[in-house]
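In the order they appear, the protein sequences are chains A and B. Okay, so the first sequence: first residue is 1 according to this note's numbering, each after it adds one. Okay, so the second sequence: first residue is 1 according to this note's numbering, each after it adds one.
Among these hints, one or two may not hold up.
Claimed, not checked - Derived lysine-lysine pairs resembling PhoX-like cross-links, with alpha carbons at most 20 Å apart: (1) A:K186 to B:K62; (2) A:K179 to B:K84; (3) A:K216 to B:K144; (4) A:K179 to B:K156; (5) A:K9 to B:K22; (6) A:K187 to B:K156; (7) B:K118 to B:K20; (8) B:K118 to A:K162; (9) A:K179 to B:K204; (10) A:K52 to B:K192; (11) A:K9 to B:K84; (12) B:K192 to A:K192; (13) A:K161 to A:K88.
In case anyone wonders, no lab produced these hints; they're calculated from the structure. Source: prediction; values computed, not measured.
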Amino acid sequence: MPSVKIPRKSTFVDMTPFVDVAFLILTFFIMATKFKPEEPVEIKTPNSVSTKDLPEDDAIQVTFDSSGRVFFSVLAAKDPTIKYNVIKHINETRSLGLTEAEMKNFARTASVGVPFSGLKQLLAIPVEDQKNFKQPGIPLDTLGGELYYWIRDAVGTFTGKKLLYLIKGDNNAKYPAFKQVLTAFKKNEIFKFQMITMLEDAPPGSELAILRNREKAASK
Amino acid sequence: MASIDEGGGGGHKKGPGVKKAKKLSTRVDMTPMVDLGFLLITFFIFTTTMSSPTTMQLYMPKDTDEKDQNKAKESGALTILLGKNNVVYVYRGQLLPDASNFHVTTFKGIRDTIIAMKKDVINAHVHDAGCTKIQEEARVGNDKVKPPILPDPNWKNACLDKDLVIVIKPDDEATYKNTIDILDEMAISAVKRYAMVDLFPTEKALIQETEKRGGN
């Protein structure tokens with residue numbers, strides 16, 4: 001009686017489709033990831049029902065953290081020369097005596113939070129090491145303080161463009177800090193702001209939710 | 001590993017002395033590549049922030065603009081004061097000398113207060129010439145602005161709440177989050193007219209007194 005031979009099957013599993021899937025997902029995440037620009041402080045912004053997207057260009061951003069320190073940044077991702085022009089303008093109007101290299105360094109710095117007197121010291125540090133430098137915040141008072149000049153000179157540089165004014169505040173910041181930032185803008189005759197928030201849904205049953213549903217139905 | 005070692009590997013020998021060149025498999029073990037792929041995926045999942053930030057509009061009046069300030073009808077005015085520890089104080093119309101219309105509430109309760117106030121304003125509404133204009137605007141809508149304002153099917157109701165004005169007064173102890181939350185409440189309850197102003201000294205004193213009584 002011939003013995004039945006069971007053919008030996010290879011247990012080798014073909015991993016190729018698995019690799020394909022893995023790299024497909026990987027590609028998706030690489031595309032979808034947007035790295036946050038490094039900021040000297042971590043800010044937890046409040047939530048709001050507002051759905052307007054955050055602009056990336058042609059905007060001035062004022063950030064304040066929970067202890068009331070204020071930072072200033074110029075958002076100009078498309079054209080880095082704008083940032084350079086801003087600091088050049090400020091250097092002239094405030095006669096800070098910054099060197100060319102320091103002004104170039106500002107163009108790479110995400111945001112600054114030092115008084116004008118300390119700006120030279122901050123910009124002498126390379127961008128990578130700036131996070132180790134404790135920034136005290138831009139001095140503010142009831143009349144706008146130094147932030148007033150920052151805004152004024154930045155707006156002056158942006159002439160002919162529609163500029164947006166962003167305010168980014170921390171959840172735990174006190175109201176007076178916010179008010180002083182608003183004052184600095186108001187002194188520059190700016191009355192329209194965008195506050196950076198995180199999106200949350202409109203509560204069901206509220207008037208806003210009803211309105212949004214109607215808009216959704218209309219767009220279909 | 002993707003395969004179990006079967007021992008030997010290349011072909012079977014046919015008796016002694018028969019030597020055959022070992023066949024080398026051209027298969028590449030993909031397992032380390034998969035490992036690497038998923039490692040990177042995990043990294044990107046953790047670093048990706050899916051919810052992108054949005055912005056909220058705020059219009060502030062000029063400080064010198066005092067013409068507009070006294071226009072509000074007293075019957076339609078609601079004042080919201082923000083205190084410390086997320087406490088909200090609210091009163092309708094003018095603050096009475098004995099502060100009997102001064103109430104303490106929370107961010108949860110304030111929505112109902114606003115809705116109740118709105119209802120009362122709508123019930124007390126009297127039609128006038130300014131109202132017709134608002135109705136007409138709501139009926140037509142506006143497609144020139146971005147995002148476009150759609151024509152309102154309930155345009156007849158558009159001006160019913162036009163007397164409602166909410167005055168927001170954050171205390172020095174209120175947080176930025178409180179301020180944004182209350183502005184958000186305006187959007188949620190579709191309040192068209194609101195303003196953010198400073199506290200009166202009497203109101204400040206009243207908040208302090210209430211805080212002392214409450215023991216915080």
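We went through each hint and held it up to the structure:
1. A:K186 to B:K62: Holds, at about 7 Å.
2. A:K179 to B:K84: holds, 16 Å
3. A:K216 to B:K144: holds, 19 Å
4. A:K179 to B:K156: Outside the cut-off at roughly 38 Å; violated.
5. A:K9 to B:K22: holds, 19 Å
6. A:K187 to B:K156: Violated, because 41 Å separates the two Cα atoms, which is more than 20 Å.
7. B:K118 to B:K20: violated, 94 Å
8. B:K118 to A:K162: violated, 37 Å
9. A:K179 to B:K204: Cα-Cα ~17 Å, so holds.
10. A:K52 to B:K192: holds, 18 Å
11. A:K9 to B:K84: Answer violated: A:K9 to B:K84 is near 74 Å, above 20 Å.
12. B:K192 to A:K192: holds, 16 Å
13. A:K161 to A:K88: With Cα atoms ~18 Å apart, A:K161 and A:K88 stay inside 20 Å; holds.
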